[in-house]
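Using the numbering used here, the letters of the sequence shown correspond one by one to residues 1 to 182.
Keep in mind the hints are simulated off the structure, nothing from the lab.
Treat the hints with caution; some may be incorrect.
Simulated pairs of lysine-lysine, PhoX-like, Cα-Cα distance not exceeding 20 Å [what the hints assert, rightly or not]:
# : residue 1 : residue 2
1 : Lys127    : Lys114
2 : Lys49     : Lys127
3 : Lys114    : Lys50
4 : Lys50     : Lys35
5 : Lys49     : Lys35
Owing to the predicted nature of the structure, the values given are computational and were not obtained by experimental measurement.
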Amino acid sequence: MTSKHAKALVQSITELFGDSSYADATIVCGERRRKVHQAVVCTRCETLKKAFDGHFQEGEESTITLQEDHPNAVAAMLRYLYSGDYDDRAHHDSEDDDWKALPMNAHVQDIGDKYGLPGLTALALRKFNKLIDAEDFDAPGFLPAIPAIFSNDEDHQAPYREYLMECVIENGKVLLARKDFQ
1 MTSKHAKALV QSITELFGDS SYADATIVCG ERRRKVHQAV VCTRCETLKK AFDGHFQEGE
61 ESTITLQEDH PNAVAAMLRY LYSGDYDDRA HHDSEDDDWK ALPMNAHVQD IGDKYGLPGL
121 TALALRKFNK LIDAEDFDAP GFLPAIPAIF SNDEDHQAPY REYLMECVIE NGKVLLARKD
181 FQ
């Protein structure tokens with residue numbers, strides 16, 4: 001397959017996201033219902049494949065409900081399954097501080113870990129680190145990210161804790177002078 005054809009194929013799969021024309025399943029999370037294509041999500045995510053293959057009660061209905069997950073994290077995961085990427089600023093202005101870019105990447109990393117998507121977890125960490133590298137403690141959601149990441153003692157959160165600590169140590173004097181940091 002030539003590079004041109006490979007790019008066209010990737011573009012076609014990416015464009016299926018949000019297009020319910022040939023969707024054959026539904027993922028429900030909170031109030032959101034997303035029509036999906038099993039050929040895409042099941043080949044990319046073994047956990048979703050098992051759910052749709054009937055290992056869970058929902059499998060017969062071609063609908064699965066992800067009750068324990070946040071709709072924003074699920075939306076990012078689904079976009080990743082279709083395109084290999086997600087927008088970490090998609091909820092930047094419309095949601096609370098917990099969904100600004102930095103904490104969102106940490107939440108997306110959590111869902112990537114939960115659903116066995118190492119590519120998504122690596123992408124979330126790269127996006128997180130890139131934001132801190134570019135904006136230090138001015139990165140969107142920096143302060144809310146601290147308790148969100150440090151209250152979670154999961155091993156997969158260790159790189160986030162290390163990166164946040166480096167930033168806090170490097171910028172300690174400035175941060176300690178801010179009332180919102182104390």
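Earlier hints that do not hold, by number: 2
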